[in-house]
Amino acid sequence: MAAVDETVPLTRKDYSSDQEVRWCPGCGDYSVLAAVQSLMPDLGVRPENIVFVSGIGCSSRFPYYMNTYGVHSIHGRAPAVATGIAVARPDLDVWVITGDGDGLSIGGNHLIHALRRNVNLTILMFNNQIYGLTKGQYSPTSEQGKITKSTPFGSIDYPFNPLSLAIGAEATFVARTHDMDRKHMQETFRRAHAHKGAAFVEIYQNCNVFNDGAFEEILQKDKRDSMLVSLKQGEPIIFGDDLEMGVALNEYGEAHVVRIADVGAESILVHDEHRTDPAIAFSLSRLAERPTTPTPVGVFRDIERPVYEQEVTAQLARAQERSGPGDLRKLIESGNTWEVA
Amino acid sequence: MTPDITTAQPLPLERVVIRFAGDSGDGMQLTGDRFTDVSAAFGNDLATLPNYPAEIRAPAGTIAGVSSFQVHIADFDILTPGDTPNLLVAMNPAALKANIADVPPGAAIIANQDAFEERNLAKAGYATNPLEDGSLDAFRLYPVPMTTITLEACKELGVKPRDAERSKNFFALGLISWMYNRPTDQTVTWIEEKFKGKDLVQAANIAAFKAGFNFGETAELFDHTYEILPAKLKSGRYRNITGNLALSYGMIAASQQSGLPIVCASYPITPASDILHELSRHKNFGVRTVQAEDEIAAISMAIGASFAGNLGLTTTSGPGVDLKSEALGLAVSLELPLVLVDVQRGGPSTGLPTKTEQADLMLAMYGRHGECPLPIIAADSPSDCFDAAFEAVRIAVKYRTPVILLTDGFLANGAEPWRFPDVADLPEIPVEFASEPNHDGAFWPYLRDPETLARPWAVPGTPGLMHRIGGIEKQDGSGNINYDPSNHELMCKLRLEKVMRVQQDIPPVEVDGDVDADLLVVGWGSTRGFIKAAMRNVRASGRKVAHVHIKNMFPFPSDLGDVLRRYPKILVPEMNLGQLSRLLRAEYLVDAQSLTKVQGVPFRSAEIEAKIMEMTN
Numbered sequence: 001m002a003a004v005d006e007t008v009p010l011t012r013k014d015y016s017s018d019q020e021v022r023w024c025p026g027c028g029d030y031s032v033l034a035a036v037q038s039l040m041p042d043l044g045v046r047p048e049n050i051v052f053v054s055g056i057g058c059s060s061r062f063p064y065y066m067n068t069y070g071v072h073s074i075h076g077r078a079p080a081v082a083t084g085i086a087v088a089r090p091d092l093d094v095w096v097i098t099g100d101g102d103g104l105s106i107g108g109n110h111l112i113h114a115l116r117r118n119v120n121l122t123i124l125m126f127n128n129q130i131y132g133l134t135k136g137q138y139s140p141t142s143e144q145g146k147i148t149k150s151t152p153f154g155s156i157d158y159p160f161n162p163l164s165l166a167i168g169a170e171a172t173f174v175a176r177t178h179d180m181d182r183k184h185m186q187e188t189f190r191r192a193h194a195h196k197g198a199a200f201v202e203i204y205q206n207c208n209v210f211n212d213g214a215f216e217e218i219l220q221k222d223k224r225d226s227m228l229v230s231l232k233q234g235e236p237i238i239f240g241d242d243l244e245m246g247v248a249l250n251e252y253g254e255a256h257v258v259r260i261a262d263v264g265a266e267s268i269l270v271h272d273e274h275r276t277d278p279a280i281a282f283s284l285s286r287l288a289e290r291p292t293t294p295t296p297v298g299v300f301r302d303i304e305r306p307v308y309e310q311e312v313t314a315q316l317a318r319a320q321e322r323s324g325p326g327d328l329r330k331l332i333e334s335g336n337t338w339e340v341a
Numbered sequence: 342m343t344p345d346i347t348t349a350q351p352l353p354l355e356r357v358v359i360r361f362a363g364d365s366g367d368g369m370q371l372t373g374d375r376f377t378d379v380s381a382a383f384g385n386d387l388a389t390l391p392n393y394p395a396e397i398r399a400p401a402g403t404i405a406g407v408s409s410f411q412v413h414i415a416d417f418d419i420l421t422p423g424d425t426p427n428l429l430v431a432m433n434p435a436a437l438k439a440n441i442a443d444v445p446p447g448a449a450i451i452a453n454q455d456a457f458e459e460r461n462l463a464k465a466g467y468a469t470n471p472l473e474d475g476s477l478d479a480f481r482l483y484p485v486p487m488t489t490i491t492l493e494a495c496k497e498l499g500v501k502p503r504d505a506e507r508s509k510n511f512f513a514l515g516l517i518s519w520m521y522n523r524p525t526d527q528t529v530t531w532i533e534e535k536f537k538g539k540d541l542v543q544a545a546n547i548a549a550f551k552a553g554f555n556f557g558e559t560a561e562l563f564d565h566t567y568e569i570l571p572a573k574l575k576s577g578r579y580r581n582i583t584g585n586l587a588l589s590y591g592m593i594a595a596s597q598q599s600g601l602p603i604v605c606a607s608y609p610i611t612p613a614s615d616i617l618h619e620l621s622r623h624k625n626f627g628v629r630t631v632q633a634e635d636e637i638a639a640i641s642m643a644i645g646a647s648f649a650g651n652l653g654l655t656t657t658s659g660p661g662v663d664l665k666s667e668a669l670g671l672a673v674s675l676e677l678p679l680v681l682v683d684v685q686r687g688g689p690s691t692g693l694p695t696k697t698e699q700a701d702l703m704l705a706m707y708g709r710h711g712e713c714p715l716p717i718i719a720a721d722s723p724s725d726c727f728d729a730a731f732e733a734v735r736i737a738v739k740y741r742t743p744v745i746l747l748t749d750g751f752l753a754n755g756a757e758p759w760r761f762p763d764v765a766d767l768p769e770i771p772v773e774f775a776s777e778p779n780h781d782g783a784f785w786p787y788l789r790d791p792e793t794l795a796r797p798w799a800v801p802g803t804p805g806l807m808h809r810i811g812g813i814e815k816q817d818g819s820g821n822i823n824y825d826p827s828n829h830e831l832m833c834k835l836r837l838e839k840v841m842r843v844q845q846d847i848p849p850v851e852v853d854g855d856v857d858a859d860l861l862v863v864g865w866g867s868t869r870g871f872i873k874a875a876m877r878n879v880r881a882s883g884r885k886v887a888h889v890h891i892k893n894m895f896p897f898p899s900d901l902g903d904v905l906r907r908y909p910k911i912l913v914p915e916m917n918l919g920q921l922s923r924l925l926r927a928e929y930l931v932d933a934q935s936l937t938k939v940q941g942v943p944f945r946s947a948e949i950e951a952k953i954m955e956m957t958n
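Chains as they are written, first to last, in my numbering: chain F, 1 to 341; chain V, 342 to 958.
Please note: incorrect hints may appear among the correct ones.
[To be verified] Using 16 Å as the maximum straight-line C-alpha spacing, the simulated EDC-like pairs for lysine to aspartate or glutamate come out as follows:
| id | chain 1 | residue 1 | chain 2 | residue 2 |
| --- | --- | --- | --- | --- |
| 1 | V | Lys575 | F | Glu339 |
| 2 | V | Lys573 | F | Glu339 |
| 3 | F | Lys330 | V | Asp766 |
| 4 | F | Lys330 | V | Asp763 |
[Said to hold, decoys possible] Stretches of chain V that chain F covers, calculated by requiring three or more beta carbons in the stretch to come under 8 Å of a beta carbon on chain F:
| id | segment |
| --- | --- |
| 5 | 577-583 |
| 6 | 806-817 |
[What the hints assert, rightly or not] Listed next, the stretches of chain F that the computed footprint assigns to chain V, with coverage defined by at least 3 CB atoms under 8 Å from CB atoms of chain V:
| id | segment |
| --- | --- |
| 7 | 43-52 |
| 8 | 61-67 |
| 9 | 81-88 |
| 10 | 326-332 |
It should be emphasised that the hints constitute simulated quantities derived from the structure, not laboratory data.
Since we're looking at a predicted model, the values are computed, not measured.
Every residue, glycine too, gets a C-beta built ideally from N, C-alpha and C.
Construct the entire structure; sequences and hints are all you get.
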């Protein structure tokens, strides 16, 4: 085994592979990659104990650029491949890189089942609301009416809300960040990584070739204060250029945007990501129907539930306690046997 | 005065084929299983053929709802569950109707007389009662009021009549146990264990079983009992086993002998689910099982597990293989060990979920896009599923490749005595994980072993060997993404060549029969016993024939072509429309004639025998 000196501190370089990064110039993926690579040394996990798993799509090239173990699998299946890795080796640190087409369309089934099982995965979903690698068809998060090569008269599909979907799929950690703010990405990824169980992070990511400016109404520097609703644990949800706006619950328990002056500071919703009941997190995930009106970012939900692969391991341990380690001879010779001389 | 049959000598028989048939709710599979287990423990050779509908409970009393279990027991080494029953136990008119065509004249029929009433007769489409209208005159017919006697026997126990009626299968088992001189203690003990805590059910079943046995003894209906002595099988220790069970044990054995923990990810599908069920019971062997959300997830999880250094396994049937095709291609491209078990059933589409067929050979060979070769192994008897599973794992690990293991519904559910191996004699399956950089201080994930062409298996957690692999074409050696035309061609050829090198491990083709035969019968999979049985008869008649049974479907044994060309005629019986025969023709340019059957049931050896006779005339 190659010798490892664990006392030498690791740097971003130790987590970056020698492969040339081949995304289009100006792609939002670059900033996500930089955020992850530079966060890695802080997480305290050595590169050999990390596996990045991806499906197919632009973002799914991500593992090639990490100097960790990695599998670039097939379209949509990354959560399933990652589940297999986690079940086999609960000691590993497993990340899933997916996109809106990969994770929500062809691989929707695997994503929701990985979330409900609560496999210990950090899932980063790059949402650019378009199919990039296949050169610009609408995706399951594209807005209705979108003109693309496959929808020359406008898309008639109603889009998914990825966070609503994740919460509905019993996800224990749900967050949103965006490719314009490395600090926010890193803080969100750090939280997701620290979470025990499946952590789902939606990243608003700009595809400057096929869907440029999809998030510009909320992400342009001068608009962020008024359009990004930052969720902070235990704090009232307020935003706006002068922090004059807030989020409150109406008589039905639905989150909506209010002017603080109109309702009074005491009516502003205090964010609690640890609530077991998903109703408020769900409602917050739907505060903006599209990323054109005030949109929450940060951690929506962070609750505890038993971790899948740990439960698998626990069952193995219990079986060994009960019946002792497997005895092949006893197994094969179980039931009625007879001897022929 | 009638003779006291209990003291009369039982009539010795070499063999008998019994078919239990009834409604799917009548417990015929259980009855057959019990009779089989008792006969196995008694030392008979045996083979079984369960046959049941896909519907869990089709409407009671209808032909669609008939379930049957055929068992062949003998005092010599038999090869098949028998072509035709010597005794049919029919629990209702539908069971009689659905099975009578298979029963030869002169055979015995024991019918539950009580069930032959107007409504049931109508449901089965009988205008008149066949037990009374003379239509069964060609058979030895024994109507027995099984329900009435069972109810009577349970009367004192306080069992509700409707519950007591459900014990009538044990009455039938008791009667047949008497008829063939089976020991009763074992069945009584089994009932006690099985229905522990359900006192009334337990008592009713035992009462019914004993009533059946006593009925045989006292009813003067039957002239005598029969005796089938223990078979003089090859010496060794035996147990009874089905294919799915043997396959599960084979996987656990391979896991133990390789030191690789199993991760079996599967989606429920008939007739493969029992493997998942069985493996799930043995967590103390370190077996991890996941019931995946779908077939694609199942194989994807298995791939993940193999990447992480475990033994990835996924079990399914034809429809599942269809869905797994793309991921199989990924496994071929990643060059990771993996075993996919395909328990074949009738297709296409949903087809015949509970019936057997061998029509996935071409699917296993070619059912993926691109040049995508992988080794294929076919088990040929229920107990052979153990060896085939072990071998599949060995090849997968040695050559770092997915392997498809083909069995079928008949092997999966059929049972036979298994001369199980001594665990001490099982070979090790060597596993070597990469531990060091292999190329100028770097790690190249596709730098191959010169002998096997296998690439190094470096598992996560190993410092210094971090690498990324994927389904995109990669450069030989470095494993980096590479679209170079000549590299792609090289990789396609290397992947094929690697799989072809499995031939190094395949023993020479074994030819059974006459060296100077006029006809070579070539089979694969579960037809083995039926071909062998046919061969016995043909050779007894003085004709010269030979038989080769292929286990390695890809690559074929390296000397197969030479063997085929030695014989003037070749016959390939298979339960499809000619898949192996086409492969042999394509590969070896030989005139392989086809004998095909796709009826959801195995060949009868007589069908194969007739074809051989015709071809050797």
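Violating hint indices (sorted, rising): none
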